[in-house]
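Residue numbers (my numbering), protein chains in the order written: chain A, 1454 to 1776; chain B, 1454 to 1776.
Hints were generated in silico from the structure; no laboratory data involved.
Just so you know, these numbers come straight off a predicted model, no measurement behind them.
Treat the hints with care, since some could be wrong.
Restricting the straight-line Cα-Cα distance to at most 25 Å, the calculated cross-link-like pairs of lysine-lysine (BS3-like) are [as the list claims (entries may be wrong)]: (1) A/1481 with A/1550; (2) A/1606 with A/1481; (3) A/1540 with A/1589; (4) B/1540 with B/1550; (5) B/1616 with B/1749; (6) B/1616 with B/1606; (7) A/1481 with B/1749; (8) A/1481 with B/1589; (9) B/1749 with A/1658; (10) A/1481 with B/1481; (11) A/1749 with B/1540; (12) B/1606 with B/1481; (13) A/1545 with A/1481.
2 protein chains.
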Amino acid sequence: MAVYTDITDGELDAFLDDFDLGAPLTFKGIAEGVENSNFLLETQAGRYILTVYERRVRAEDLPFFLGLMQWLGQRGYPSATPIPDLKGRILKRLRGKPAALIAFMAGISSRRPGPAHCREAGRGLARLHLAAQGFKGRRPNDLGQSAWSSMFKPLRGAAEALKPGLCTAIEEDLAALESVWPRALPEGIIHADYFPDNVLFVDGKHRATIDFYFAAFDLLAYDIGVALNAWCFEPDGSFNITNARAFVGGYEAHRPLSSEERAALPVLARGAAMRFFLTRLADWGESPQGAMVRPKDPLEYERKLAAHRAAAISSLGLLGTGG
Amino acid sequence: MAVYTDITDGELDAFLDDFDLGAPLTFKGIAEGVENSNFLLETQAGRYILTVYERRVRAEDLPFFLGLMQWLGQRGYPSATPIPDLKGRILKRLRGKPAALIAFMAGISSRRPGPAHCREAGRGLARLHLAAQGFKGRRPNDLGQSAWSSMFKPLRGAAEALKPGLCTAIEEDLAALESVWPRALPEGIIHADYFPDNVLFVDGKHRATIDFYFAAFDLLAYDIGVALNAWCFEPDGSFNITNARAFVGGYEAHRPLSSEERAALPVLARGAAMRFFLTRLADWGESPQGAMVRPKDPLEYERKLAAHRAAAISSLGLLGTGG
């Protein structure tokens, strides 16, 4: 959640001159999107999200992200679609930063998802994987399994400071993940950040998926691993197997998993916990000047990682056994 | 700008059960309102701002603020009007905190107001003063002139730390303000925080005034003093007399000032600079846990105060001479 960039009314007017959307009626910074500044913009023509991309999103990745969003929209997938200007450009600049105007999507994210939300979210993720097929853009997942060991190197001290003994535990996890990581599962475009924040519901139904700024090419089932961590842990740290089964069941209603994919879910979820632990640890204590955002607590994902470590074993294992 | 309180979808549904507004379609935290958490809520019935009042707003003041907003709305003044629930209550509770549902107002605040904006803003302020006449609620201005000396006492060290010599300068200002403060000007309900953030325009016309959470009973012309500081200083610290004349001219189109009020504007503006300097100094370095907000720089108002000190004298004095 962040608004880093302040836009004056003059800058907004100049930006809108490139479109044919009428006069602005509402312009409000919204507390959404960790990586960017987002504004709700209403004009005489409709409602939009104006996104200004901040330092963390690499400008060279934006054509991939925006192209994917446009592709998905054209295929009828309910996602936030970029609005081209009068010259057909979707990647714009504002206050010297990359920016884009995106269709506003109604819907409310669930902050306490239950099984019904999880089932719908699973459906939405499978439909995303299917809709993205054929998109020609390629972006390797620079936060994928092959990157984790080198991401951890500069964070050893921070891990140990967070919790004594954690450095060794993480190194053992990294070695375990390296040795068991599946290599031969179906690949495609993944969302890679399919958290409840990024999934909008209306009347309990999946209405839209937003925030594609981590999308990349990777194992499709890894996206489920990311989601299981984000949707299926209770505030007390316990894994909610009912939510997890609902999510996977919803997913399989559109894209059935192979037995290899199902069997790999526990290790994929464990890896996904590592990925978010590492980036949160890196962000911890480092917040951009003027950000209206707290870094997320790395301990949340440290606990999830520990749960996966223990239960490479117990309840999570159930996911892999079918049923 | 702040969102301190997180509302779950279940809490939102329970809150909406008291209204007849249909299902929620959009719910987003917005970066607006320093004192409260604000959410843009759209339901099948329309658009609203859901405000959750945080620690700084005193719960016992809320009936005054909400009652005033309701009064103004009923008199056709374009302000955010509270929406009563099915039992007629406008002051609600959410997550254990006071909360209210307010009509959404279209419009965009001006971040770089020019004379045309200032003229419109002046009109909007005068119309507010007139529309509030007859409102029976009473709330003394606890941030008014009589409070400043005692507000400053615990801040002496902070002032000196901000700028050596500042403590003495402020004490001299406080004594000067005490001796020249006008006592016999027309009184009424003032907005007391009529900053550009709180004034919404559409197509360059005043569309709405929002954020009445400092409103109080005080000298009407003091509200102009607050506004002159907020609307008429350039980023380089110089006072923009063109903006100031436009503001006062717009104001007088609806409520002509007496010669005593006009003559008092420089001292009222100087006092208003003191008030915002004092509260910003008190807030400096003290930000609520989890707030997505930076405290505002007290030096901005220290500079305005210094400008008034020097020009109790020059360009500001022009305001008092008529013309």
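Which numbered hints does this structure break? 2, 8, 9, 11 and 12
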